[in-house]
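Enquirer: Put chain B on the given structure of chain A with help from the hints.
Each protein sequence line maps, in turn, to chains A and B.
For this note's numbering, add 58 to where a residue sits in the first sequence, where the first one is 1.
For this note's numbering, add 2 to where a residue sits in the second sequence, where the first one is 1.
Since the hints were derived computationally from the structure, they do not count as laboratory data.
A few of these clues could be false.
[Stated by the list, open to error] A few chain A residues that don't get close to chain B, going by computed Cβ distances all over 10 Å: (1) A77; (2) L93; (3) I131; (4) I143; (5) G172; (6) F182; (7) L238; (8) Q243; (9) L266; (10) D323.
[To be verified] Residues from chain B that face chain A, not an exhaustive set, calculated with beta carbons under 10 Å: (11) L18; (12) I20; (13) A25; (14) V28; (15) I169; (16) P178; (17) M179; (18) L188; (19) G269; (20) I296; (21) I316.
Owing to the predicted nature of the structure, the values given are computational and were not obtained by experimental measurement.
All C-beta atoms in this analysis are idealised placements derived from N, C-alpha and C, irrespective of residue type, glycine included.
One-letter residues, chain by chain:
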Amino acid sequence: MNRLTIAGLIIVAILVLLAIFAPWIAPYDVGLTNLSIRYLPPSSTHWFGTDSTGRDIFSRVVFGARISLQVGIVVVFVSAIIGTILGAIAGYYGGWIDRIVSGYVFNIFLAFPGLLLAIAMVAFLGAGLNKLILALCIIGWVGYARLIRGQVLKVREYDFVQAARALGASDARILFVHILPNAIQPLIVQASLGMAGAVLSEASLSFLGLGVPPPAPSWGVMIEEARDLSTLQAAPHALIFPGIAIALTVLAFNFIGDGLREYLDPKQRAR
Amino acid sequence: MRTTFRYRILGLLRRLLILLLVAWTVVSLVTILIELVPGDPAVAVLGEQATPEQFAQFRQKHGLNRPPFFFSFPRDDNDQRHFVWHGVDNRYVDYWRSLLHGDMGLSFRNDQPVRSLILERYPATIELAIVALLVAVVIAIPLGVIAGTHRGTLIDNAASVLALLGISLPSFVIGPMLVYVFAVKLGWLAPSGRFDWSDIILPAVTLGAALSAILTRMVRSSVIEELGEDYVRTARAKGLSERTVVYKHVLKNGLIPVVTILGLQLGVLLAGAIITEKIFGWPGLGLLLVEDGIGKRDYRVVQGCVLVISMTYIIANLLTDIVYRWLDPRIRVS
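So here's chain A without its partners, still in its complex pose (with noise of 0.2 Å):
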């Protein structure tokens, strides 16, 4: 493992400490205003100083990561899994099943720009923490799907497979018990990718106004508040802290499936 993959690693490890531990670490209650403290600077008091309403960044920081992973974790597992059923289907079955799947409802969803879809959907269903995952679960399964076919394809093609075959092994029993344990491999690295399509697309759909709502303290909202001049000029940390927090996240986990790429792929661990 390379030195990125372990930075990355150590980064969700804080990340994911921060979020279980969240009312113990954060200092303080993530909604109690107090104008008389308003764009404070970072202190010993207030680590990341404090906002337009003199809220205690560090601690929405702290409590952002809750909904950032929590987004995160529901949109992938649940993705993952869905596109790892019809992606299966569609790759052991062929057929017209197949041309179906991959042939129509793969190019739909990629003719489509997904933060467009998810946009779209929560325009009509409104916004949300619930709606904002099923729009992101919508746009996030034919990544998957589209994997484990070409995976499943592979696969059904080895001897083992044919084995089980000849000695009148069910097809659901050939599917999940020889093909997909053996074709699986390469989802752990699309979910972590996943993971930071998902946390970036919360904060941004959250920053347009269409996820978490308002009081709510996701990074994305955080930035749309410490956005407007009158901040900015005033207490551009309000902007810097969840910005940062957003970077770290995404790259931790764009590192940890960079990694785990070159280490199932070795073509790639040798060079």
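Expert: Chain B alone, transformed into the frame defined by chain A:
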């Protein structure tokens, strides 16, 4: 030769067929999604205190009193659902019919045709996307080439770090940071709006940053790969200057994968423009979608914007595919 030609035509026809299917799906999605709006659009637009006559008039004007689809399952007086067939006299067909006449309906808010609202904003978005693309290319190609030809040096590492920053920092962080530096602190550029030619600089850099980072990495690895090819050794052996070798031979071949990415990224830029336009108050389609459409619950405008942005994206991808085939003879044959 003739068979290759036939394959190319067949491939293109297949792409066109998929394009039509995609277009059909997109239109169906935006017409059907509007039915999912929680509550009544008329109430959302007019407010609770409007009179029944106002509601009736609003529904009449926008066709909302007509059945939404070919069939529906309305509740009867006993709260039971029944299957009702409406035939072609429905909103879905209405929308298609008017769309084929180039009509996207009237705005729920100010009765203006959605088509003219979109046409008014469209040039600003295209302008932004193209300038962002240019910014990305102008930064990425020299940076990538220098990094690739000076592998492992300080310049290469600096380019890598810069690219990493561009990829990991989302536009809604870069944008306000640029506003802080160039508008608030230095006062060189306006923080928002589209009045002066210089107003496009910050939005274009913001929108192009991620793309330029991706391109820099691609150009770098492409250059490194091509430098190892035999033709480079031949060119050097002929006594060509390193400059000619890099810029005439290596870059020409190394740019092929870059062009594909460019076309695909043009669509990503269009979607990204939604966020960038919001940051800088840039009066394009994205701002129309987010502020006038979603913000004021003008669902007709939302439909139109989603439709136009996705169609632009789809067509940009198709054009990329054609250019890509034309550029690389290897793909042309297979």
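Enquirer: A separate judgement is required for each hint: does it hold in the structure or not?
Expert: Cross-check of the supplied hints:
{"no.": "1", "hint": "A77", "in the structure": "holds, 19 Å"}
{"no.": "2", "hint": "L93", "in the structure": "holds, 22 Å"}
{"no.": "3", "hint": "I131", "in the structure": "holds, 20 Å"}
{"no.": "4", "hint": "I143", "in the structure": "holds, 22 Å"}
{"no.": "5", "hint": "G172", "in the structure": "violated, 8 Å"}
{"no.": "6", "hint": "F182", "in the structure": "violated, 4 Å"}
{"no.": "7", "hint": "L238", "in the structure": "holds, 29 Å"}
{"no.": "8", "hint": "Q243", "in the structure": "holds, 24 Å"}
{"no.": "9", "hint": "L266", "in the structure": "violated, 6 Å"}
{"no.": "10", "hint": "D323", "in the structure": "holds, 16 Å"}
{"no.": "11", "hint": "L18", "in the structure": "violated, 12 Å"}
{"no.": "12", "hint": "I20", "in the structure": "holds, 5 Å"}
{"no.": "13", "hint": "A25", "in the structure": "holds, 9 Å"}
{"no.": "14", "hint": "V28", "in the structure": "holds, 7 Å"}
{"no.": "15", "hint": "I169", "in the structure": "holds, 7 Å"}
{"no.": "16", "hint": "P178", "in the structure": "holds, 4 Å"}
{"no.": "17", "hint": "M179", "in the structure": "holds, 7 Å"}
{"no.": "18", "hint": "L188", "in the structure": "violated, 13 Å"}
{"no.": "19", "hint": "G269", "in the structure": "holds, 6 Å"}
{"no.": "20", "hint": "I296", "in the structure": "holds, 4 Å"}
{"no.": "21", "hint": "I316", "in the structure": "holds, 5 Å"}
Hint violations for this structure: numbers 5, 6, 9, 11 and 18, all remaining hints satisfied.
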